[in-house]
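Student: Residues 87 to 823 in the numbering used here are what the sequence shown lists, from first letter to last.
These are calculated hints, taken from the structure and not from any lab test. Wrong hints could be hidden among the right ones.
To be verified - Here are the simulated BS3-like cross-link-like pairs (lysine-lysine), alpha carbons at most 27 Å apart as the crow flies: (1) Lys170 / Lys425; (2) Lys170 / Lys649; (3) Lys587 / Lys649.
Please read all numbers here as calculations on a predicted model, not as lab measurements.
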Amino acid sequence: MHRAHYLLLSIFAVGCRCGAGPDAPVDPECVGCVADGDTCHDSVNCQVGSICNVLDEALYESSAPDHVCWRVECDRDADCVADKTCTLERLCRPTLCQLDADCDTDERCLAGTCADAPDLSQLADCAIVTPIQWVSSGTKVPLEAVALDRDGAVIPNVAFAFRATTDAAIIDGTVATATGADFAGLVASPVGVPGEECSNRGIRSFDPVAPGRVRVILVEPTFGQPISSADVTIAADTTQSLTSDQRGTVEAAVTGTITSITVERAGFSTVTVLRPGGDDLRIPVPRRPDPTRAAGIRGGVDMSKVPSSDVQAAVVYSARPLDLFEYRAFPNVDLVRTKIDAEQLDLHREGDLPGNLVFGLGEEEFTRDSTRCADDEPGLGCFVTRAPAGLTAAWVTGGEYTLSQISDARDGYATETPDRYTPADRARLIQFLSPFLASGWYGARAYLDLDDAPKVPAPPGDADCADPSVARTARCRGDFDGYVQTPMALEHRASITTAVKVPELPPLPGGGCAGTMIVSAYAALTGRGFVLMGIGSADDSSDRTRVDCVVEGARRPFGALSKPLDDGFVALTSAPPHSGLEGADKLLVLATLDVEPGGTRPLDLNLLFVPFERLDSELDLSSRRFLEPAAATVSSSTGIVTSTPPTGATGVRLTATNADGTWIVYAPASMSRIDLPDRPAARAVLADPTFAMLQAFELNDEYASLWNARQPVGFDPEQMRALVTTQCGPDGPCTLE
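I would like the entire structure built from these sequences, with the hints used as guidance.
Tutor: Right, here's the structure in full:
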């Protein structure tokens with residue numbers, strides 16, 4: 087609704103002859119004289135602030151009676167009818183639940199609505215999603231499984247009963263306690279579905295470590311497999327070289343304090359942990375990605391629930407990994423040659439665009455072609471997108487927008503779209519897309535289990551994609567024919583509105599402050615990853631000459647009727663938990679970006695992590711503080727790192743990588759000088775890296791908690807508080823010598 091419409095109603099309402107009561111005849115030309123709850127032909131009949139609930143109204147409510155006036159504009163909840171809430175849009179919207187606790191005892195919160203428990207007759211399969219455990223005796227492990235329908239979609243809020251196949255674990259409800267009696271398989275049975283069970287996970291438990299000895303358990307974090315035959319160097323008063331057994335463990339008598347543990351094995355990253363603390367340790371050792379293989383998903387996007395407009399757009403991503411050290415602003419995507427002729431947007435080009443982008447204009451669909459589409463798929467168009475092999479999930483967001491919205495946003499960030507994107511280009515793309523994502527719709531697939539396959543040449547070409555050096559280039563891509571068919575649907579509007587009071591923007595290494603803050607709301611799916619439910623963003627200032635490190639408040643943050651936000655606030659819009667996300671842990675991520683071009687670090691990422699249960703109309707996070715970028719000088723010749731971690735940091739993580747290997751080094755923040763172990767292969771990577779970065783992190787616990795084998799394997803939303811990433815180079819705060 088627009089102010090001009092309301093003004094028109096006010097002018098013409100005087101003297102109108104109208105019917106009364108829901109069954110009374112109404113003059114179709116009657117202006118502003120039908121009371122809320124009475125019959126109407128069109129919104130012009132209704133009072134100021136109300137609409138006639140007809141299908142072509144932008145605020146049409148399918149759950150309300152058709153052709154009846156009901157109030158939509160509001161200043162407070164009392165202005166709305168029963169079961170409606172006044173949102174920050176200043177519109178009456180259906181009251182949403184976010185937790186089961188918001189509903190009656192016998193109901194569940196499903197996609198924002200209190201409803202009966204899901205129909206278990208649709209259940210066709212199930213899967214345990216708790217990661218494979220490698221833990222010490224006495225560790226308590228929360229258990230979780232998901233129910234799947236015939237299409238592989240998650241049926242939310244299904245209860246499971248668990249049992250162990252041996253006495254290596256004792257089950258009490260949904261918690262398993264490791265006993266130290268070796269291995270126990272896990273079996274899950276959905277309550278109320280006799281005969282159905284799944285058993286794809288287990289617990290490997292270990293007896294307590296004997297006094298004076300140290301045990302190290304090595305685990306590949308993605309698939310939870312033990313790493314055998316690894317070279318493990320433990321440095322204390324003396325240095326010991328050991329080899330991990332079939333269970334991925336080494337055990338030794340150690341005199342003095344352990345100063346470092348280094349793990350090396352072909353095909354895996356080299357990992358060094360300095361001063362780990364404790365005697366019962368578990369170290370995750372990532373497998374080196376195979377550049378010759380890729381996994382992914384493809385399909386169409388159903389937008390039938392989204393009100394129609396000029397431009398339709400959607401973007402599909404796989405879930406972000408639960409390892410927050412690997413949080414990236416821009417996940418890898420496949421590029422697809424795309425031709426666009428959009429006269430209304432004055433846009434005519436052909437080039438490589440991200441394959442996860444689906445869009446059209448009017449009746450024209452620019453992303454419906456034989457490359458993207460496996461068949462005659464319904465919906466707006468088709469997508470292809472990279473995804474990790476193994477357990478994961480996926481989400482889609484988008485909507486339909488007017489030409490004026492697109493033109494206004496494009497004017498602020500207009501650039502010629504290149505075939506290859508730099509970090510600064512992609513950061514500007516996020517700025518361009520954020521207003522649309524914030525007013526968009528969402529959908530998700532909460533469970534996927536993917537296999538990878540060999541890459542193929544990108545057309546036109548005959549590249550040798552079995553050659554790792556070639557496979558890393560744009561000459562090779564994933565085999566779209568092998569991507570898993572995964573239709574997506576935009577079904578849930580971003581209807582939760584929150585004004586988030588955020589901290590000041592952090593300083594940049596070269597001076598000044600980060601230019602943009604993005605607030606994202608995620609569902610953290612056990613064993614699968616983060617799925618986006620909502621987003622909001624704000625810049626330091628639209629006037630680049632006035633930089634004060636405080637985000638600028640939006641003039642109309644939640645739509646045409648909403649009130650301005652003060653500086654220091656970000657407008658966050660989010661969908662309720664939906665599509666199998668119900669019941670998951672939830673996490674807010676505050677990310678700052680520097681999108682100014684030039685320099686050696688076009689993108690420095692600074693993150694805050696805030697667990698939450700529900701989003702209310704206001705959320706004050708202003709007391710939180712971003713970490714300042716860590717400073718360090720790294721000498722590849724001497725192996726000495728001189729580090730100045732920021733105030734509040736718990737530890738630092740240095741990563742160097744090239745075609746031959748990756749070296750990951752962890753150290754507590756108290757170490758101002760780090761003497762890296764003399765491992766020739768790792769030192770060679772450090773001497774000639776294609777990429778290196780320094781991360782400082784803040785935990786809610788001690789540094790040693792990262793390696794404690796007495797804690798369960800898996801994501802803990804309470805563990806990480808802050809993380810700042812700085813690229814290393816020949817100069818700057820992280821200098822490589």
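Student: Going through the earlier hints one by one, which of them does the structure break, listed in rising order?
Tutor: 1
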